[in-house]
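Position chain L against the provided structure of chain S, taking the given hints into account.
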Amino acid sequence: MTGRAIERLDGLLAVLVFAGMTLALYMALIGAPTERTMGDIQRIFYFHVPAAVTGFTAFAVNFAASLLYLARRRPGWDALALASAEVGILLFGMVLVTGPIWAKPVWFVWWTWSPRLTTSFILVLLYAAYLVVRKSFEDPDRRAKVAAVFGVVAFLDAPLVWFSIRWWRDIHPSPMLETGGLASSMRPALWVCLAAFGLLFLYLLRRRYRLESMRLSVERLARRVDTFR
Amino acid sequence: MEPMHYLFAAYLAIWILLALYLRSIHSRERKLGEDIARLRDILEKQ
Chain S
1 MTGRAIERLD GLLAVLVFAG MTLALYMALI GAPTERTMGD IQRIFYFHVP AAVTGFTAFA
61 VNFAASLLYL ARRRPGWDAL ALASAEVGIL LFGMVLVTGP IWAKPVWFVW WTWSPRLTTS
121 FILVLLYAAY LVVRKSFEDP DRRAKVAAVF GVVAFLDAPL VWFSIRWWRD IHPSPMLETG
181 GLASSMRPAL WVCLAAFGLL FLYLLRRRYR LESMRLSVER LARRVDTFR
Chain L
1 MEPMHYLFAA YLAIWILLAL YLRSIHSRER KLGEDIARLR DILEKQ
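Residue numbers (the working numbering), protein chains in the order written: chain S, 1 to 229; chain L, 1 to 46.
For reference, chain L alone in the conformation it holds in the complex:
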């Protein structure tokens, strides 16, 4: 492999890890937001 390929691989790995983590936070936020809305709805009906 050429040195530039290693450089490209290292930077690509960093951005992939970051993107995956941000996506994971976003999906967890969305799920918890839905849970909060559902539980508030149940409490209001009670």
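So here's chain S without its partners, still in its complex pose:
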């Protein structure tokens, strides 16, 4: 694919993300019916859940890319692992910010150390540590290898977050999509928001991956300049 075709696809993806997020905002704030018990505060759910689902996806991409790097040692897999970790932190950061804002009027506390909340917080800390660890290595091969191992180990927390509300008693609401607890009138809004966040995830991942490719180009060019000196 030529550079111009890639640019056009990137532009199309950006337009789709903008349209998708605008529609998602409309569906979440206006299109979805008001929940009977919680009222309008429940509308936070329409962005909170998709941010969590895409955040998990980002960390799963990091896990897969880390494994592929360890198997094949290609810098592209390391770049994808880094891009997905950073985007995952952003998306899970949205989860950790919107969760307490929803919790305060519903639970009357901003935060409680329940299994779901604690494991989620640890998950974000682990991937933040992943980024810090990367910065502590000068040698690109060693950095990529250590980061890949760290990425694989960090992902062990993801199933704990996902299953925490099934395995342990938790104040966090049960997974409504899987248990069928979400009213059918609320489902279209959630699906639109999930699709919009899916597009947003792809867009951010693509931009962050391109950024890492540029950084690798700078490293390569700098090495060539050094050899001439």
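The set of hints was computed from the structure by calculation and includes no laboratory data.
Everything numeric in this text was worked out from a predicted model, so none of it was measured.
There may be inaccurate statements among the hints.
EDC-like cross-link-like pairs, simulated, lysine to aspartate or glutamate; straight-line CA separation at most 16 Å [what the hints assert, rightly or not]:
id : chain 1 : residue 1 : chain 2 : residue 2
1  : S       : Lys104    : L       : Glu2
2  : L       : Lys31     : S       : Glu219
3  : L       : Lys45     : S       : Asp226
4  : L       : Lys31     : S       : Glu212
For chain L alone, kept in the frame of chain S given last:
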């Protein structure tokens, strides 16, 4: 605080986080683009 204030705060926080991240990516892209152009210029002169 009214429930609507919490709703507004949650959505505002999401858009602020997203805007800050996009701005960070954009500024890093611009800096790396300048670095690439500068290094290519040095290589051409050599």
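Hints versus structure:
no., hint, in the structure
1, S:Lys104 <-> L:Glu2, "holds (11 Å)"
2, L:Lys31 <-> S:Glu219, "holds (14 Å)"
3, L:Lys45 <-> S:Asp226, "holds (14 Å)"
4, L:Lys31 <-> S:Glu212, "holds (12 Å)"
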